[in-house]
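J.: Chain residues, written in single-letter form:
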Amino acid sequence: MKKEIIYLGILAAFLAAFPWFAGPYALSIATLILYLAYTGQAWNVMMGFAGQLSLGHSLYVGVGAYVAGGLFFHFGLGPWAGLWAAMAACVAFGLAIGFLAFRFGISGVYFALLTIAFAEFTRIGFDHLQWTNGPGGMFLRVAQRDHWDLLNFRGPPFMYYYAMLFLATAAFLACAFLLRTKAGFYWQAIRENEEAAQALGINTFRWKMLAVAISAAMTSVSGVFFAFYYNNLFPHEIFSMGRSIELILGPVIGGVGTLFGPILGAAALTLLSDGITEALAWLGVEIPGIKQVFYGLVLLAVVTFLPNGIWPFIKKQMKL
Amino acid sequence: MNGLLQVQNISKSFRGLKAVSDASFEIPEGSIHALIGPNGAGKTTIFNMIAGVFPPDAGRIVFLNREIQGLRPDQVCAAGIGRTFQIVKPFAGLSVLENVMVGALLRESSAAAARKLSLEILETFRLAPKQGLPASSLTLPERKRLEVARALATRPRLLLLDEVMAGLRPTECDQMVEVFRELNRAAGTTILLIEHVMRAVMALARHIGVLHHGEVIARGSPQEIVRDPKVLECYLGEETEI
Chain A
1 MKKEIIYLGI LAAFLAAFPW FAGPYALSIA TLILYLAYTG QAWNVMMGFA
51 GQLSLGHSLY VGVGAYVAGG LFFHFGLGPW AGLWAAMAAC VAFGLAIGFL
101 AFRFGISGVY FALLTIAFAE FTRIGFDHLQ WTNGPGGMFL RVAQRDHWDL
151 LNFRGPPFMY YYAMLFLATA AFLACAFLLR TKAGFYWQAI RENEEAAQAL
201 GINTFRWKML AVAISAAMTS VSGVFFAFYY NNLFPHEIFS MGRSIELILG
251 PVIGGVGTLF GPILGAAALT LLSDGITEAL AWLGVEIPGI KQVFYGLVLL
301 AVVTFLPNGI WPFIKKQMKL
Chain B
1001 MNGLLQVQNI SKSFRGLKAV SDASFEIPEG SIHALIGPNG AGKTTIFNMI
1051 AGVFPPDAGR IVFLNREIQG LRPDQVCAAG IGRTFQIVKP FAGLSVLENV
1101 MVGALLRESS AAAARKLSLE ILETFRLAPK QGLPASSLTL PERKRLEVAR
1151 ALATRPRLLL LDEVMAGLRP TECDQMVEVF RELNRAAGTT ILLIEHVMRA
1201 VMALARHIGV LHHGEVIARG SPQEIVRDPK VLECYLGEET EI
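Just so you know, the protein sequences line up as chains A and B, in that order.
Residue 206 in our numbering is what sits at position 206 of the first sequence, and the numbering runs on without skipping anything.
In short: position in the second sequence from 1, add 1000, done, that's our numbering.
Just to be clear, a hint being listed does not mean it is correct.
As the list claims (entries may be wrong) - Distance ranges between label pairs, derived from CB positions:
#1 A:Met-159 to B:Gln-1075: 46 to 52 Å
#2 B:Ala-1186 to A:Leu-8: 55 to 61 Å
#3 B:Ser-1095 to A:Leu-8: 41 to 47 Å
#4 A:Leu-8 to B:Gly-1132: 28 to 34 Å
#5 B:Ile-1087 to A:Ala-17: 25 to 31 Å
#6 A:Phe-121 to B:Gln-1086: 42 to 48 Å
#7 A:Tyr-110 to B:Ser-1095: 41 to 47 Å
#8 A:Phe-121 to B:Gly-1132: 18 to 24 Å
#9 A:Gly-296 to B:Ser-1136: 40 to 46 Å
#10 A:Asn-308 to B:Glu-1120: 54 to 60 Å
#11 A:Ile-314 to B:Ser-1136: 20 to 26 Å
Worth flagging that the hints you see were computed from the coordinates, not collected in a lab.
In this text, a Cβ means the ideal position worked out from N, Cα and C, and glycines have one as well.
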């Protein structure tokens, strides 16, 4: 226990000091890692804890981004207010999907298909929504990079980094807390064996709905961040299946259901992806698609040799 | 007529096949009751109807003067009926202690209180030394004990045991019998068991119901049951004159 706290302290100090010695490129990579770690943590509540596989989490990122972005674009409403509207919208979406699935006993891969379907038809819906300029995309006003406007979440890159660091840390602590509560125990029981869980007095419908609501609410915040960090939103991009997969690769590679999995997975994958790009540029190799091939091979190796993810392996090696 | 559980004329068919037909019995508070019968007699079907897995096609199930047929399994459990599964269903990825804590959290509001109760129960079932191990690492007899421990953690008034002795060695079986006797005596928990292992049934049950082809063909004390010609017939075949 003591060893863990020391390691965590070192990690926290490193992350807090990072912007002082990192260049703009490294800072943007670190921000991306934290973004993926946070969103992975949110997805993990549903899949890792409660065992409900969502392959359409881009839905919540997209809805969160569009609601907060749209309110800002049309009414000048800042993200701090828009956040709550985004959250409410995402929870409503999540509960609607959850109700349809759990009430009618849809589970496993069929539930996953339902989540894809919802993400897809929401994408098509936004493609035809004039309010957000349809497929042409919505562009938020970009401020000067060194101009501070906290009320509208505008500032230099390190502000976004710290915002994401705060979110990732808060999500980590919240998940660690949740796992110790009744909800955490009940979710894991449902994940392991739903029939047995129900026989022990657990209203599985209600607890699964809670997991979906929390996961959707957390993911909506990723969406709001996305909107105000990248400032442009396209339905085919933000709602895409690829996005959903990208979000879940972190926790899957890092370790589903673990607290460190999403963080470790996000870091490993992002660094790997950029590392391969750098290495190929250094070697002067320019073959189209070669990066994807390498990336795929490494993922294949991880899945083959560490089927439970990287974190359980490291945990064992470090005897934590 | 004021039993803890009253099963009144329940029937259940699966695609035209009558699994249980017009079965009735009553379990007084504090007793140990066994339901026996050959394979396919409808024992587990009756169990599942009591536990809320599916509702009976007809009839009533009254528990604590309240009709419970048609309730969901979690509602039945909350009403005070704990059950085990014939094929054990441990939460494999969770530790032994966590498995029991999931059950304990039904009546305990905090994880700390649930942990305390669970540790006491694990002690009773001689699983305390294994509390930190994942449930997947337990042997079958241990898993059977965990199954019962978990159900007991929900603090049931009535405990339904679905063939918990199957696959146990005679000494292990005797130890289980002792645990149930003690539980019944000290906590007053009423027990309904389905069992093939006659050694356990004879040692435990004060009252036995015999099912055959979905019908209750005999009821009585263990001594009466073993002499009942109808019971002998369904187990050993019809007596023939030579």
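J.: Tell me the hint numbers this structure goes against, listed in increasing order.
T.: Violated: hints 2, 3, 4, 5, 7, 8, 9 and 10.
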